[in-house]
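Using the sequences and the hints given, assemble the complete structure.
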Amino acid sequence: MRRRLIDAYIEGELQGKKRERFEEELKRDPVLREKVEREKKVVELMRSLAREPVSAPPPLPEWVEERPDYLKWAVAVVPALAVLLFLLLPKGAEFHLIYPGDGDVISGEVVLRVEKGGRVEFTIDGISRTLKVERGIATIPLPELDVTGPVNLSLRGRKRIERVVYVEGGVPW
Amino acid sequence: MSFEERVKDWIPKIWALIERMIQDIHDREDVFQEVMRRAFAGYTKFRGESSFGTWLYRIAINEIRRYHRRSSPLLPLEETIPAPDDPEGEVARNEEIERVREIMDTLPPRYKEILVLRYFQELSYEEIARILKIPVGTVRSRLSRAREELTRRFYEA
Numbered sequence: 001m002r003r004r005l006i007d008a009y010i011e012g013e014l015q016g017k018k019r020e021r022f023e024e025e026l027k028r029d030p031v032l033r034e035k036v037e038r039e040k041k042v043v044e045l046m047r048s049l050a051r052e053p054v055s056a057p058p059p060l061p062e063w064v065e066e067r068p069d070y071l072k073w074a075v076a077v078v079p080a081l082a083v084l085l086f087l088l089l090p091k092g093a094e095f096h097l098i099y100p101g102d103g104d105v106i107s108g109e110v111v112l113r114v115e116k117g118g119r120v121e122f123t124i125d126g127i128s129r130t131l132k133v134e135r136g137i138a139t140i141p142l143p144e145l146d147v148t149g150p151v152n153l154s155l156r157g158r159k160r161i162e163r164v165v166y167v168e169g170g171v172p173w
Numbered sequence: 174m175s176f177e178e179r180v181k182d183w184i185p186k187i188w189a190l191i192e193r194m195i196q197d198i199h200d201r202e203d204v205f206q207e208v209m210r211r212a213f214a215g216y217t218k219f220r221g222e223s224s225f226g227t228w229l230y231r232i233a234i235n236e237i238r239r240y241h242r243r244s245s246p247l248l249p250l251e252e253t254i255p256a257p258d259d260p261e262g263e264v265a266r267n268e269e270i271e272r273v274r275e276i277m278d279t280l281p282p283r284y285k286e287i288l289v290l291r292y293f294q295e296l297s298y299e300e301i302a303r304i305l306k307i308p309v310g311t312v313r314s315r316l317s318r319a320r321e322e323l324t325r326r327f328y329e330a
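Protein sequences, first through last, are from chains A and B. So in the working numbering, spot 105 of the first sequence is number 105, and the numbers just go up one at a time. So in the working numbering, spot 59 of the second sequence is number 232, and the numbers just go up one at a time.
None of these hints come from the bench; they were simulated from the model. Be a bit skeptical, because a hint or two may be false.
[To be verified] Quick list of the computed label-pair ranges, beta carbon to beta carbon:
no.: 1; chain 1: A; residue 1: Lys-35; chain 2: B; residue 2: Ser-224; range: 32 to 40 Å
no.: 2; chain 1: B; residue 1: Glu-299; chain 2: A; residue 2: Ala-80; range: 40 to 48 Å
no.: 3; chain 1: A; residue 1: Ala-80; chain 2: B; residue 2: Ala-214; range: 24 to 32 Å
no.: 4; chain 1: B; residue 1: Arg-239; chain 2: A; residue 2: Arg-33; range: 36 to 44 Å
no.: 5; chain 1: A; residue 1: Glu-34; chain 2: B; residue 2: Arg-220; range: 43 to 51 Å
no.: 6; chain 1: A; residue 1: Val-78; chain 2: B; residue 2: Arg-220; range: 18 to 26 Å
no.: 7; chain 1: A; residue 1: Lys-132; chain 2: B; residue 2: Trp-183; range: 57 to 65 Å
no.: 8; chain 1: A; residue 1: Arg-51; chain 2: B; residue 2: Asp-200; range: 22 to 30 Å
no.: 9; chain 1: B; residue 1: Arg-179; chain 2: A; residue 2: Arg-33; range: 44 to 52 Å
no.: 10; chain 1: A; residue 1: Ser-128; chain 2: B; residue 2: Phe-219; range: 37 to 45 Å
no.: 11; chain 1: A; residue 1: Val-75; chain 2: B; residue 2: Val-264; range: 52 to 60 Å
We put the CB at the ideal spot given by N, CA and C, even for glycine.
Given below as structure tokens:
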């Protein structure tokens, strides 16, 4: 308990009545007074020593200045890479089918298994149409068309089309 | 903020700590370089759970401890010769300051480090507790014992 009082007094934490009482005790007790004065003096000397100037710090090692800031680089480069990757990724499946029809009228439908819904563009004999398909089995009705030879049907979509399951009258190419 | 920008303001404090804790001039520079290397290497993992200064002080204290473990703490002391035209009282005081410095260098490192953090770096008990990862109560009691030991050795000398 007394030790705590001495510490608080030396550290300047003892205030008000407590401080007055402790100072009274110091006057009465020469042994305690000497002990406290000695410690106070040593603390003062330490503080004087602390005020002495220190030498200049050495320069930072060169590698600290030259090494790149990886965090900064990551913040700048990662989003750019992500955008580039997105642009380079295939936009979706593309299928080519050939109708063997020769003088036939094409009709029917294309049945697709769609893994993820979205817009699908199909082109048949130069005519394009865009349709929205849902996930699962999607049926795309074909326009009636007179053809005199093989016709290329292509399907293209940003979303993934797993595969063409069935094309009435058509042959996967 | 880059490491260099962030560390810039802390370098004088960290250097002052190293200078107070390590006597050999060349060893100080080695320890300083090692502290900076470790801080730089660990900066990407710094999550800001403590302040940057506390984190840096902790690295410095750990490196100083590592240094004291592998080398003898009783190295030859640097001589400080008082200026001849000093008044007598000031010469005596300088001698006392010098004696405190010498005795501090012979104290156990954990006593010396807490005295340096408190009286040289002027850190609060709470800051010292965070740097040394010890409770505030332990900071108070260790500081008290360190001060008592320093006083005892000073008056014995």
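Quiz prompt | Earlier hints that do not hold, by number | solution = 10
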